[in-house]
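Asks: Using the hints, position chain B against chain A.
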Amino acid sequence: GESVGLHLPTLSVQEGDNSIINCAYSNSASDYFIWYKQESGKGPQFIIDIRSNMDKRQGQRVTVLLNKTVKHLSLQIAATQPGDSAVYFCAEVRLSGSARQLTFGSGTQLTVLP
Amino acid sequence: DAMVIQNPRYQVTQFGKPVTLSCSQTLNHNVMYWYQQKSSQAPKLLFHYYDKDFNNEADTPDNFQSRRPNTSFCFLDIRSPGLGDAAMYLCATSREDGSLNTIGETQYFGPGTRLLVL
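In order, the protein sequence lines correspond to chains A and B.
Note that the numbering used here has the first sequence beginning at 1, numbered continuously upward.
Note that the numbering used here has the second sequence beginning at 115, numbered continuously upward.
Excised from the complex, chain A in its bound form (with noise of 0.2 Å):
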């Protein structure tokens, strides 16, 4: 069935290191993926999204990486900060109907380390 899951559950770094958070879907007709960030107690908030025709985005600070031969995605955060602590969501976006549908991974917590 389509999916889409991450590799790890759970990430650690130090402030100011780069932080790559990886996302695996199995679904090959999505139309294009967005990235979110969670924080405890509040809704997803959006980082940055890329389609399907593309192989990287940039954002400020973020990255994203797009590898369609191995479905595989990945977020890149660069010189991480304590306030990117978060659980991060990949998702996949598809048209279904008249409304586009988002499939989220499972999700991988960031832990920032001082």
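Be a bit skeptical, because a hint or two may be false.
Residues on chain A that point at chain B, a partial pick, calculated with CB under 8 Å [unchecked claim]:
| # | residue |
| --- | --- |
| 1 | Ala-29 |
| 2 | Asp-31 |
| 3 | Tyr-32 |
| 4 | Lys-42 |
| 5 | Arg-51 |
| 6 | Ala-78 |
| 7 | Pro-82 |
| 8 | Phe-89 |
| 9 | Leu-95 |
| 10 | Ser-98 |
| 11 | Ala-99 |
| 12 | Gln-101 |
| 13 | Leu-102 |
| 14 | Phe-104 |
| 15 | Gly-107 |
List time: in silico DMTMM-like cross-link candidates among lysine to aspartate or glutamate, alpha-carbon distance up to 20 Å [what the hints assert, rightly or not]:
| # | chain 1 | residue 1 | chain 2 | residue 2 |
| --- | --- | --- | --- | --- |
| 16 | B | Lys-158 | B | Asp-173 |
| 17 | B | Lys-152 | A | Glu-39 |
| 18 | B | Lys-158 | A | Glu-39 |
| 19 | B | Lys-158 | B | Asp-191 |
| 20 | A | Lys-42 | B | Glu-219 |
| 21 | B | Lys-158 | B | Glu-219 |
| 22 | B | Lys-158 | A | Asp-31 |
Listed next, the stretches of chain B that the computed footprint assigns to chain A, with coverage defined by at least 3 CB atoms under 8 Å from CB atoms of chain A [said to hold, decoys possible]:
| # | stretch |
| --- | --- |
| 23 | 159 to 166 |
| 24 | 210 to 218 |
| 25 | 223 to 231 |
If you are wondering where the hints come from, they were derived from the structure by calculation, not from laboratory data.
A virtual CB, placed ideally from N, CA and C, is assigned to each residue, including glycine.
Replies: For chain B alone, coordinates are given in the frame of chain A:
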């Protein structure tokens, strides 16, 4: 300014006692979604409204219903809450035209309502 508002933020109900969660939006988006998120899990879509058209996910239990009286408001009704329904319930909205011409931050999430079932 809050764009997707969920009330209450915390809700306690008793086993089997009907409960309603509410969501409102100031974005005038035509699509509203309800997700269930259990502890340490990803959000799971329950259903969505495209304008007034209700779209239920195949595996959403009958115990969960929804109402959308107007563009701005959407309610989640749990007819007979069980202990397994304790979760965070997230509302989201988006503006859809049936295409994927626009991407980016298209689906806006509210802060969620945490439901506790005693």
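Asks: Now tell me, hint by hint, if it's right for this structure.
Replies: How the hints compare with the structure:
1. Ala-29: With a closest approach of 12 Å, the Ala-29/A hint is violated.
2. Asp-31: Interface hint status for Asp-31/A: holds (5 Å vs cutoff 8 Å).
3. Tyr-32: 5 Å, holds
4. Lys-42: 6 Å, holds
5. Arg-51: 7 Å, holds
6. Ala-78: 21 Å, violated
7. Pro-82: Status violated, d = 21 Å.
8. Phe-89: At 6 Å from the nearest chain B Cβ, Phe-89/A passes the 8 Å test, so the hint holds.
9. Leu-95: 5 Å, holds
10. Ser-98: Given a least distance of 4 Å, the restraint on Ser-98/A holds.
11. Ala-99: Because about 5 Å separates Ala-99/A from the closest Cβ in chain B, which is inside the 8 Å limit, the hint holds.
12. Gln-101: The hint holds - Gln-101/A has a Cβ within 8 Å of chain B, the shortest such distance being about 7 Å.
13. Leu-102: OK, holds: Leu-102/A within 8 Å of chain B, min 6 Å.
14. Phe-104: OK, holds: Phe-104/A within 8 Å of chain B, min 4 Å.
15. Gly-107: Where the cut-off is 8 Å and the nearest Cβ of chain B is about 6 Å from Gly-107/A, the hint holds.
16. Lys-158/B with Asp-173/B: OK: Lys-158/B and Asp-173/B at ~10 Å, within 20 Å.
17. Lys-152/B with Glu-39/A: This hinted pair holds, its Cα atoms lying about 14 Å apart.
18. Lys-158/B with Glu-39/A: 17 Å, holds
19. Lys-158/B with Asp-191/B: 16 Å, holds
20. Lys-42/A with Glu-219/B: 17 Å, holds
21. Lys-158/B with Glu-219/B: With a Cα-Cα distance of about 19 Å, the restraint between Lys-158/B and Glu-219/B holds, given a limit of 20 Å.
22. Lys-158/B with Asp-31/A: 19 Å, holds
23. 159 to 166: holds (count 3)
24. 210 to 218: That given contact holds, which follows from 6 residues of the stretch 210 to 218 of chain B lying within Cβ reach (below 8 Å) of chain A.
25. 223 to 231: holds (count 5)
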